[in-house]
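Q: Here is what each chain is made of, one letter per residue.
There are 2 protein chains.
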Amino acid sequence: MSTKSPEQLSDLLRCPIGQIDVRDFDPHATPGRPNSNGKDEENDMTSELEPLLDDLQERLFAAGTRDVNAPKVLLILQGLDTAGKGGTIRHVIGMMDPQGVRIHSFKRPTSQELAHDFLWRVERELPRGGQVGIFDRSHYEDVLIQRVDHLARADEIERRYGAINDFEAELVGSGTVVVKCFLNISRGEQKKRLTERLSNPKKFFKYDPSDVDVANKWDAYMDAYSIALSRCNIEAAPWYVIPANHKRYRNWAITHLLIEALASLKLGWPAADFDVDFERSRVEALRSR
Amino acid sequence: MSTKSPEQLSDLLRCPIGQIDVRDFDPHATPGRPNSNGKDEENDMTSELEPLLDDLQERLFAAGTRDVNAPKVLLILQGLDTAGKGGTIRHVIGMMDPQGVRIHSFKRPTSQELAHDFLWRVERELPRGGQVGIFDRSHYEDVLIQRVDHLARADEIERRYGAINDFEAELVGSGTVVVKCFLNISRGEQKKRLTERLSNPKKFFKYDPSDVDVANKWDAYMDAYSIALSRCNIEAAPWYVIPANHKRYRNWAITHLLIEALASLKLGWPAADFDVDFERSRVEALRSR
Chain A
1 MSTKSPEQLS DLLRCPIGQI DVRDFDPHAT PGRPNSNGKD EENDMTSELE
51 PLLDDLQERL FAAGTRDVNA PKVLLILQGL DTAGKGGTIR HVIGMMDPQG
101 VRIHSFKRPT SQELAHDFLW RVERELPRGG QVGIFDRSHY EDVLIQRVDH
151 LARADEIERR YGAINDFEAE LVGSGTVVVK CFLNISRGEQ KKRLTERLSN
201 PKKFFKYDPS DVDVANKWDA YMDAYSIALS RCNIEAAPWY VIPANHKRYR
251 NWAITHLLIE ALASLKLGWP AADFDVDFER SRVEALRSR
Chain B
1 MSTKSPEQLS DLLRCPIGQI DVRDFDPHAT PGRPNSNGKD EENDMTSELE
51 PLLDDLQERL FAAGTRDVNA PKVLLILQGL DTAGKGGTIR HVIGMMDPQG
101 VRIHSFKRPT SQELAHDFLW RVERELPRGG QVGIFDRSHY EDVLIQRVDH
151 LARADEIERR YGAINDFEAE LVGSGTVVVK CFLNISRGEQ KKRLTERLSN
201 PKKFFKYDPS DVDVANKWDA YMDAYSIALS RCNIEAAPWY VIPANHKRYR
251 NWAITHLLIE ALASLKLGWP AADFDVDFER SRVEALRSR
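From first to last, the protein sequence lines are chains A and B.
Once you know that position 91 of the first sequence is 91 in the working numbering, the rest is easy, because the numbers rise by one and skip nothing.
Once you know that position 23 of the second sequence is 23 in the working numbering, the rest is easy, because the numbers rise by one and skip nothing.
Hints are all accurate, no fakes.
Each pair may be met inside one copy or between any two copies, as identical chains are not told apart.
DSSO-like, lysine-lysine: derived pairs with alpha carbons at most 30 Å apart:
1. K202 <-> K192
2. K266 <-> K203
3. K107 <-> K247
4. K206 <-> K266
5. K247 <-> K217
6. K266 <-> K202
7. K266 <-> K107
These are computed hints drawn from the structure, not numbers from a lab.
With the hints as extra help, turn the sequences into a complete structure.
A: Below, the structure written as structure tokens:
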């Protein structure tokens, strides 16, 4: 069987424990992708998963309505410019009921944020019970751009890897399933996507001249990602390396990982915290006009 | 022509200026609904609007990426339990790119919120430039349940109508298009929907025994809504009465109103704030492997 069941995809995409180099992962790969009679590109494999995703998310949302300590899911999206963080939110998170979703996009820290520990602004944006939280960038920027551009002292950067592991272990311990995805694109694919943004006036707003400055530091970023993925790949909150040159594969894979995360909670529907028969009689007694 | 163009639907659904009684509006009506060869129910009229909604929302989102003072849209959803506030968010807002959407559900005020003016918690949840904000309930609860259940002094309730008008006029003046929808269902429809929630264990979490207490105050709520819609129906931020017994009509109508609101901004795509040719040459010079 070349087709993998949903339960196995996380194993295929999980970043190996130990020292890794993100350059060793193939951005073109499509591990676990189901065969579909040569119609891979046309088939909307992702939308087939929508009913299952929908059912699982609603169970989580339902749990949240009854219990502030209900479980949470946190999806962390990391990757270079054009890697597909926004597209993932649009296409994957866009399938979910927006009532149960909380998205935060981490920008350059404000002066208020810089006056606090680097995790301060992250804690404020965590999902609440019953929510699926999405981080478009995250605390990992504090060991990525901050490392590459020397925006913090070397010993402070060193300290952060351990602080992140402690923070995420605590998050998981308090009922959050953490799914960390590195969207892995190739230099060629990034160049192609930046070119597209400059070829279509509708896409100008997605382009920033600093994107090229960052692209020119490609190897420094690959080094920083390799260190982050090696040092912060704890069992409770593992990293997944998502081959992201193919957008449809990327969407399908992340949808699968979310389904696995939600399914791992094994949530039923909340029991009634009222007397159903009694309430039925009360509703039956309501006037209907 | 019995079919109304999108531009006219807001006129059809706008609550008349002056003293109104919400009981005079037909919850079963489907004003402006396009004829579709007898296939009204089957046709997914709403999803046909998705490409237009998508395009308009992306223009707003794009504006927000370039200008913190970009316009905003605020959709206020009000209605009794089961009127379809959650369903509207799921089906209408669910069509939008979640990156540009900010949803807030107003619950019973906390003690911290009660210690402030009633608009304090509302101001904190307003959409930012480029966002579509959705209020699931709103500051109108402060003249609805608070009036019905005498949770505030009569003179304070009186004061609030004017405060709301001032607040909303200020919002509109600072670049927010405000779309206020009263989801109008009949007593019979509400009874039916409450019964459904008690008939399916998957829906128990949506039921609260207090819903029946509220339902038994139907006339008091209709009075309170009539006063709110009469006194807070300012030209800058009009009320729409959405017949909501038919869920598909409700979704279609609100999608249309959102499209009209977004289209009224007449947004193009943001011009490049960089030298496009120069940036193309920089991208062209990037390594591709």
